[in-house]
Amino acid sequence: MHAALPQGEQETGAVDTSASQPRDLRRIDIHPDHWYPLAWSREVKRGHAHGVRFAGDPIVLVRTDSGKVFALEDRCAHRQVPLSAGVVDGESIRCCYHGWTYDCTGRCTDIPYLGRERLPNGVRAYPCREEAGLVFVFTGDPLRADTARFPSLDSATDAAYKTRRFGQEVKCHYTFMHENLMDMNHQFLHRRQMGSMRARSLGRRRGEDWIEVDYTFAREAGKQPIGEALVFGQKRGAKPDETQKDVMTVRTEYPYQTLRIRTKDEAMVMDLWIAYVPLDAEQRTNRTFGLLSIRRPKIPILLDAAWPLLVWFTERIFKEDRWIVEREQEAHDRQGADHNHEVFPVINELRALLMEHGVPHRAAGAHDVDARRVHRIVPVQEVPAS
Amino acid sequence: MHAALPQGEQETGAVDTSASQPRDLRRIDIHPDHWYPLAWSREVKRGHAHGVRFAGDPIVLVRTDSGKVFALEDRCAHRQVPLSAGVVDGESIRCCYHGWTYDCTGRCTDIPYLGRERLPNGVRAYPCREEAGLVFVFTGDPLRADTARFPSLDSATDAAYKTRRFGQEVKCHYTFMHENLMDMNHQFLHRRQMGSMRARSLGRRRGEDWIEVDYTFAREAGKQPIGEALVFGQKRGAKPDETQKDVMTVRTEYPYQTLRIRTKDEAMVMDLWIAYVPLDAEQRTNRTFGLLSIRRPKIPILLDAAWPLLVWFTERIFKEDRWIVEREQEAHDRQGADHNHEVFPVINELRALLMEHGVPHRAAGAHDVDARRVHRIVPVQEVPAS
Amino acid sequence: MHAALPQGEQETGAVDTSASQPRDLRRIDIHPDHWYPLAWSREVKRGHAHGVRFAGDPIVLVRTDSGKVFALEDRCAHRQVPLSAGVVDGESIRCCYHGWTYDCTGRCTDIPYLGRERLPNGVRAYPCREEAGLVFVFTGDPLRADTARFPSLDSATDAAYKTRRFGQEVKCHYTFMHENLMDMNHQFLHRRQMGSMRARSLGRRRGEDWIEVDYTFAREAGKQPIGEALVFGQKRGAKPDETQKDVMTVRTEYPYQTLRIRTKDEAMVMDLWIAYVPLDAEQRTNRTFGLLSIRRPKIPILLDAAWPLLVWFTERIFKEDRWIVEREQEAHDRQGADHNHEVFPVINELRALLMEHGVPHRAAGAHDVDARRVHRIVPVQEVPAS
Numbered sequence: 001m002h003a004a005l006p007q008g009e010q011e012t013g014a015v016d017t018s019a020s021q022p023r024d025l026r027r028i029d030i031h032p033d034h035w036y037p038l039a040w041s042r043e044v045k046r047g048h049a050h051g052v053r054f055a056g057d058p059i060v061l062v063r064t065d066s067g068k069v070f071a072l073e074d075r076c077a078h079r080q081v082p083l084s085a086g087v088v089d090g091e092s093i094r095c096c097y098h099g100w101t102y103d104c105t106g107r108c109t110d111i112p113y114l115g116r117e118r119l120p121n122g123v124r125a126y127p128c129r130e131e132a133g134l135v136f137v138f139t140g141d142p143l144r145a146d147t148a149r150f151p152s153l154d155s156a157t158d159a160a161y162k163t164r165r166f167g168q169e170v171k172c173h174y175t176f177m178h179e180n181l182m183d184m185n186h187q188f189l190h191r192r193q194m195g196s197m198r199a200r201s202l203g204r205r206r207g208e209d210w211i212e213v214d215y216t217f218a219r220e221a222g223k224q225p226i227g228e229a230l231v232f233g234q235k236r237g238a239k240p241d242e243t244q245k246d247v248m249t250v251r252t253e254y255p256y257q258t259l260r261i262r263t264k265d266e267a268m269v270m271d272l273w274i275a276y277v278p279l280d281a282e283q284r285t286n287r288t289f290g291l292l293s294i295r296r297p298k299i300p301i302l303l304d305a306a307w308p309l310l311v312w313f314t315e316r317i318f319k320e321d322r323w324i325v326e327r328e329q330e331a332h333d334r335q336g337a338d339h340n341h342e343v344f345p346v347i348n349e350l351r352a353l354l355m356e357h358g359v360p361h362r363a364a365g366a367h368d369v370d371a372r373r374v375h376r377i378v379p380v381q382e383v384p385a386s
Numbered sequence: 001m002h003a004a005l006p007q008g009e010q011e012t013g014a015v016d017t018s019a020s021q022p023r024d025l026r027r028i029d030i031h032p033d034h035w036y037p038l039a040w041s042r043e044v045k046r047g048h049a050h051g052v053r054f055a056g057d058p059i060v061l062v063r064t065d066s067g068k069v070f071a072l073e074d075r076c077a078h079r080q081v082p083l084s085a086g087v088v089d090g091e092s093i094r095c096c097y098h099g100w101t102y103d104c105t106g107r108c109t110d111i112p113y114l115g116r117e118r119l120p121n122g123v124r125a126y127p128c129r130e131e132a133g134l135v136f137v138f139t140g141d142p143l144r145a146d147t148a149r150f151p152s153l154d155s156a157t158d159a160a161y162k163t164r165r166f167g168q169e170v171k172c173h174y175t176f177m178h179e180n181l182m183d184m185n186h187q188f189l190h191r192r193q194m195g196s197m198r199a200r201s202l203g204r205r206r207g208e209d210w211i212e213v214d215y216t217f218a219r220e221a222g223k224q225p226i227g228e229a230l231v232f233g234q235k236r237g238a239k240p241d242e243t244q245k246d247v248m249t250v251r252t253e254y255p256y257q258t259l260r261i262r263t264k265d266e267a268m269v270m271d272l273w274i275a276y277v278p279l280d281a282e283q284r285t286n287r288t289f290g291l292l293s294i295r296r297p298k299i300p301i302l303l304d305a306a307w308p309l310l311v312w313f314t315e316r317i318f319k320e321d322r323w324i325v326e327r328e329q330e331a332h333d334r335q336g337a338d339h340n341h342e343v344f345p346v347i348n349e350l351r352a353l354l355m356e357h358g359v360p361h362r363a364a365g366a367h368d369v370d371a372r373r374v375h376r377i378v379p380v381q382e383v384p385a386s
Numbered sequence: 001m002h003a004a005l006p007q008g009e010q011e012t013g014a015v016d017t018s019a020s021q022p023r024d025l026r027r028i029d030i031h032p033d034h035w036y037p038l039a040w041s042r043e044v045k046r047g048h049a050h051g052v053r054f055a056g057d058p059i060v061l062v063r064t065d066s067g068k069v070f071a072l073e074d075r076c077a078h079r080q081v082p083l084s085a086g087v088v089d090g091e092s093i094r095c096c097y098h099g100w101t102y103d104c105t106g107r108c109t110d111i112p113y114l115g116r117e118r119l120p121n122g123v124r125a126y127p128c129r130e131e132a133g134l135v136f137v138f139t140g141d142p143l144r145a146d147t148a149r150f151p152s153l154d155s156a157t158d159a160a161y162k163t164r165r166f167g168q169e170v171k172c173h174y175t176f177m178h179e180n181l182m183d184m185n186h187q188f189l190h191r192r193q194m195g196s197m198r199a200r201s202l203g204r205r206r207g208e209d210w211i212e213v214d215y216t217f218a219r220e221a222g223k224q225p226i227g228e229a230l231v232f233g234q235k236r237g238a239k240p241d242e243t244q245k246d247v248m249t250v251r252t253e254y255p256y257q258t259l260r261i262r263t264k265d266e267a268m269v270m271d272l273w274i275a276y277v278p279l280d281a282e283q284r285t286n287r288t289f290g291l292l293s294i295r296r297p298k299i300p301i302l303l304d305a306a307w308p309l310l311v312w313f314t315e316r317i318f319k320e321d322r323w324i325v326e327r328e329q330e331a332h333d334r335q336g337a338d339h340n341h342e343v344f345p346v347i348n349e350l351r352a353l354l355m356e357h358g359v360p361h362r363a364a365g366a367h368d369v370d371a372r373r374v375h376r377i378v379p380v381q382e383v384p385a386s
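Sequence order for the protein chains is A, B and C. All residue numbers for the first sequence refer to the UniProt record's numbering, where the first residue is 1 and numbers rise by one. All residue numbers for the second sequence refer to the UniProt record's numbering, where the first residue is 1 and numbers rise by one. All residue numbers for the third sequence refer to the UniProt record's numbering, where the first residue is 1 and numbers rise by one.
I should point out that these hints are in silico values taken from the structure, not numbers from a laboratory. Take the hints with a grain of salt, since some may be wrong.
[Said to hold, decoys possible] Heads up, simulated SDA-like pairs for lysine to any residue below, C-alpha to C-alpha not over 25 Å straight-line:
no., chain 1, residue 1, chain 2, residue 2
1, C, K45, A, R191
2, C, K171, B, D280
3, C, K319, B, S84
4, C, K319, C, Q224
5, A, K245, C, P112
6, A, K171, C, D280
[Said to hold, decoys possible] For each label pair, taking beta carbons as the anchor points, the in silico distance ranges come out as:
no., chain 1, residue 1, chain 2, residue 2, range
7, C, D89, A, S152, 36 to 46 Å
8, A, K171, B, G47, 45 to 55 Å
9, A, W40, B, A337, 26 to 36 Å
10, C, F166, A, R191, 34 to 44 Å
11, B, E169, A, W210, 45 to 55 Å
12, C, E43, A, D333, 24 to 34 Å
13, C, D89, A, R23, 28 to 38 Å
14, A, K171, C, E43, 21 to 31 Å
15, C, D280, A, H31, 33 to 43 Å
16, B, D333, C, D280, 20 to 30 Å
17, C, R362, B, D333, 26 to 36 Å
18, B, E169, C, E220, 40 to 50 Å
19, A, G207, B, R316, 57 to 67 Å
20, C, P360, A, K319, 35 to 45 Å
Think of the CB as a built atom: it goes at the ideal place given N, C-alpha and C, for glycine as much as any other residue.
When you get a sec, could you build the whole thing from the sequences and use the hints?
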């Protein structure tokens, strides 16, 4: 396998390797002022509570008897036990221990043995929305929820595409995930699934909170695997360079990432949207939520028939990527610092972007104290369950 | 389920919620100057040694060939390996590694390859007593052992009662256990076992090292479960308020706890004695030793016949309580401080009592150094095994 | 069981017990400037890479397509993932992620997408040798590799002996291993396998980097187990003191250890060579590599026939030793310091020797930074695989 950078990038790349990095990218927390998917809609069942985590903060997602979803801190104000172990009562959630009751704004509305006239403070509520089968929560300052950009998930709700929902917990910092997907020179990792492929970077573009890079691919040896043909399009009898007519664009639009493949006639044949949600306070584990949309062919049933194979293929690729980023995290843990030695300019720019848009790692427990002191009543956007 | 506080307590309760707590109750160690049960008698077999822990300190309980029990530090003075892996030799314990031998005072009496005329210091001995099927050890300053109050375990040795011995390791600070048992407003937790019950606090009393509170109960909906009837007494055709005639008294008499139920004619139908022994130095895990004594009915065989059901019922209740206090501990670990927001005056007084009678958390390893430097020869109270 | 020290030693021993130890032996790292076995030759298969650890440093052993073995830091200079997950390509190792390629000196010779004219620094190479079925690595300053003494493994390659290769991970500091083997007064530990044995120390000798002690043994009760007869020689109808004619010499020649048994006619009937390799940075786990050579009897097939029994016997002994040294380590972890109270002069001298020839425990991660900053091209001693 041999891939190549455009000539100019090679030079820049070689110069970049000695750049000093004053801060450790793996100690930059993801910025909380965004809408993050915290669960699949199907995980939050009607009349039940579901506990999740964002960067160490426990959050309970409650689907009420009417089907609405709201999000609170996952702790009772009384003895701090998780509300997710509680009981949904109409449009409220009741703590399982002494029965304290909270509405969708986090207000405590009943303490059975105390009477309703004197009630203590409640718990923090989070803005919450459901889209495309995902429950999104605005995890930062709730006053910024309305003006924050909500991600576009058009392909996942467009009947012209068939969408696979996938993802798992990955034991690494979210930034490793961004770097892994954006650096297509790592095809060597997938040699067993993809054969010998050559990636060529066509150039990159950068905006204030995004960066994107275009690639073409050429097969160097062997036949195209059938799984890959399903995702990237089949190339019967293609000449060596013909696959280069398809362009893959990988884009980080903070904090999300997309990977799109367009054919020479500009049709988008594949659209992957993916988000990496830190689970623990150290942000050393993330839960990945992916929407992989494949354009339906003229005879739609062909895609349906091939779907199990596509699932198998993408799982294999994802498993290899998960394995390697977890090894990167292990190396960082052992070395105690970021010793990456990057030579690819795209990745160095991506790292700068992730650094700029994140926040320095907070001290352990700092969030919790803030959340406890301030009980903000926030508007809850209630969306019926799909 | 709706329960109520007496009018006065409600008001006090609401005021109490803003009380500042300068110290964290979960960083108050249990006071060592008491008699603690460290094992059931049946666990310490004749001619064998049995290793236990108290607040991180390893202790070996040795039952000699004659049936006496003594307690030493569970380490050989030589290479620090546990004496509990050793061999009982008459009235002594011999280390399994090089055969150093100790008597019941902790004195080293033989080093096989050194001769008996020059022997090194030994290990610390602990005062030790057996009562009611429990092996008690005085874990603090041995000079205070004789004057320290030994708990009254009368019901457990009274033929008028049938006693169940139970307990398990619970992964929480011992103080959560006291609060759990004393706050009977947590009936909601046991709704699956007990149905909908209403607890009413009749008032509390407090002494220098004890606090107790009386409750009555009324069923709000459903039938009395048979398991509960066995413990609290059966109420055939009872009118709604009739159950209130029975009074439950929960008492913390530092460091033990009791729960007693008396009928309207003042007969004690149930007597629970319970102790929570911290196992680790951080006191984040306790082993619970409980003696649950039920007064035998006029036809005693009825209680024996129903015993398996009573065991099943109490295990279910205990399992729910263990689950919730472990969630409380998890929340404390995550929050790094005690954020309880107590509104029930009884519990706030209990917390004050536990704070006053405990000791500030010692630095890790502090005990060990003390124990090693001082070899106190202490009188050992030897009691034949039951 | 009763063993005895020679008269003079007893007195010295008793005096020694109050000796103050300013430093903690369990915080003395093994000295890296030696040849350590890091793998069995059979573990490093032709055309494959094999990851090992030395004191927390990951090292990859690569056996090339031609059968040579070399050793590098087990990380790619690019993204720090383990080279041991890579692909052997001729005489080089290629990283599994982006295909960066390294030769046996640690130099990066190819980055597929960057071109070969501008290549970054590589990784550290370690001097490497194969002997007697073991892969040895010089883990310290490579300039000292040529002058460092390589251990003598004569019996393991001498046809007059049959050699067993054994060893396992043991969760303790390497120093506990030395003390365990050298103090033969611990026969009590093996009472189930060996019966009641009496060890007598005949005296000790000490050089600059070695110490050795001679023992004889006498059976105090019971019959000689057959497993022991295989190792120590059979004594049919032996009189009580006849076994004393065989002399066991235990020697620590830093950092290795040997145990040899010679009969009264000075023939060496058993030769054990053993090394303890710290795996983690804290040096709390070691991997033991042992070569146990037994002199073949006049009818060699007798030894082959008895071999399974010998394996079983030595495994049982080793299992008991592993169990006890892990308890010693646990006690040290709990006590936070070395509270050993040694009375046997041989062991006190051994401890002094291990203290003098080791190095103070390095701060975590210190090695890694050094290794990364300096890329030393070192001569690699390539030895064909056996």
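query: Which hint numbers does the structure go against, in order from smallest to largest?
result: Hints that this structure does not satisfy do not exist here, as all of them hold.
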